[in-house]
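K.L.:
If you want the building blocks of each chain, they are given just below.
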Amino acid sequence: MAFGDVVFWLFAAIAVLPAFLILISRSIVRMAFLLLFSLAGFAGLYLQLGAGFVGFTQVMVYIGGILILFLFGVMLTQRSDIPVRPKAGPALVIPGLLAGASALAALVFIAAQCPWKPAAPLTAPPADASRQIGLELLSTYVLPFEAVSILLLVAMVGATYIARVQAPGETEDGMGDAGKESAAG
Amino acid sequence: MTALQSLVTVLAQAQPATTADSGSVGLTHYLVVSAIVFSLGIMIIITRRNAIALLMGLELLLNSAALNFVAFGKFMTPGKVDGQIVALFLIVIAAAEASLALALTLNIFNRLNTIDVDEARSLKG
Chain A
1 MAFGDVVFWL FAAIAVLPAF LILISRSIVR MAFLLLFSLA GFAGLYLQLG
51 AGFVGFTQVM VYIGGILILF LFGVMLTQRS DIPVRPKAGP ALVIPGLLAG
101 ASALAALVFI AAQCPWKPAA PLTAPPADAS RQIGLELLST YVLPFEAVSI
151 LLLVAMVGAT YIARVQAPGE TEDGMGDAGK ESAAG
Chain B
1 MTALQSLVTV LAQAQPATTA DSGSVGLTHY LVVSAIVFSL GIMIIITRRN
51 AIALLMGLEL LLNSAALNFV AFGKFMTPGK VDGQIVALFL IVIAAAEASL
101 ALALTLNIFN RLNTIDVDEA RSLKG
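Which chain is which? The protein sequence lines are A and B, in order.
Under this note's numbering, the first residue of the first sequence carries the number 1, and numbering increases by one thereafter.
Under this note's numbering, the first residue of the second sequence carries the number 1, and numbering increases by one thereafter.
These are calculated hints, taken from the structure and not from any lab test.
It is possible that some hints are incorrect.
Derived list of chain A stretches under chain B, where covered just means 3 residues or more per stretch with a C-beta under 8 angstroms from a C-beta of chain B [stated by the list, open to error]:
#1 25 to 32
#2 137 to 144
Which residues of chain B face chain A? A partial, calculated answer using Cβ under 8 angstroms [unchecked claim]:
#3 H29
#4 V32
#5 L54
#6 L58
#7 F75
#8 A87
#9 L88
All residues carry an ideal CB built from backbone N, CA and C; glycine is no exception.
Sequences and hints are given; from them, build the entire structure.
P.N.:
Dropping the structure here:
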């Protein structure tokens, strides 16, 4: 077995096994940390595919950003006096397993059956892939690039607005009770 | 920095074989890994009622899609980076989605004192 294959199986295991453990884990904190390993496995797969820039972006954005956000979300929404809801009942588990198994069967069937034909013979990936990504982002993909940056800005502003702590007396439309009364009157 | 560079060098040597001999890891392997994680994400989304656990399932779905894009870009369009660019867009969209969804979760928790998605149905009348 070639060295590349060993690396692939290693990272594939790191990506898949924690995802499975998330499914059966009961503790939300443990799930967050298992997600870290799964995302790291994906980052390794990107590196192994020759997509170094995507791999390191994955580490920085997902593991450094989104996962921290998740941990904050977990910490801010845990309250010891609320009983942790027990295991999901069969009314949820059976459809869930059915949906997952059918999705898996369909995707694996397509992946195995379709004769994928590459557009060009396989070559070694370009050594300056990051440079190429930068050039493409600011030429061919400049419109999606700008659109996605506006999307990110809007999402950040919206998230800050939604998550703000409402001052006492403040109502949903931003006016105080007094302002609302005078507006209604 | 040198550690990072050596890591990149080692992993770059570990790339899938450029010749299509049947025994080595190819496109189908990546597609199957992505399909497994995708189905696990679907199962997590359906079976979990905790809003944050749902979001974790969603992140797994987005990641498996991104892995498909990178793998297809590598094997179907060699020498081009379009697949990687789509994967980058996916990561950005996942960041936007996660921040918004967690803000909503915090707001729901402040109002209803729970993040069980079955309890958050005030709009249902």
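K.L.:
Decide, hint by hint, whether the structure agrees.
P.N.:
A quick look at each hint next to the structure:
Given as covered by chain B, the segment 25 to 32 of chain A passes the check, having 3 residues with a CB less than 8 angstroms from a CB of that chain where 3 are the minimum. Coverage of a stretch by a chain is defined here by at least three residues with a beta carbon nearer than 8 angstroms to that chain's beta carbons; for the segment 137 to 144 of chain A and chain B the count is 3, and the condition holds. Among the interface hints, the one on H29(B) holds; its C-beta lies about 7 angstroms from the nearest C-beta in chain A, closer than the 8 angstroms criterion. For V32(B), the interface hint holds, since its Cβ comes within 8 angstroms of a Cβ in chain A; the closest pair sits about 6 angstroms apart.
Violation of the interface hint for L54(B) is found here, the shortest Cβ-Cβ separation to chain A being roughly 11 angstroms, above the 8 angstroms cut-off. A least Cβ separation of about 11 angstroms between L58(B) and chain A goes past the 8 angstroms threshold, and the interface hint is therefore violated. Against a cut-off of 8 angstroms between C-beta atoms, the interface hint on F75(B) holds, since the closest Cβ of chain A lies about 6 angstroms away. Nearest Cβ of chain A to the Cβ of A87(B): about 5 angstroms, under the 8 angstroms cut. The hint holds.
Contact between L88(B) and chain A, as hinted, is supported at the beta carbon level, the nearest pair being about 6 angstroms apart and thus within 8 angstroms.
Going through the hint list in order, the structure does not satisfy hints 5 and 6.
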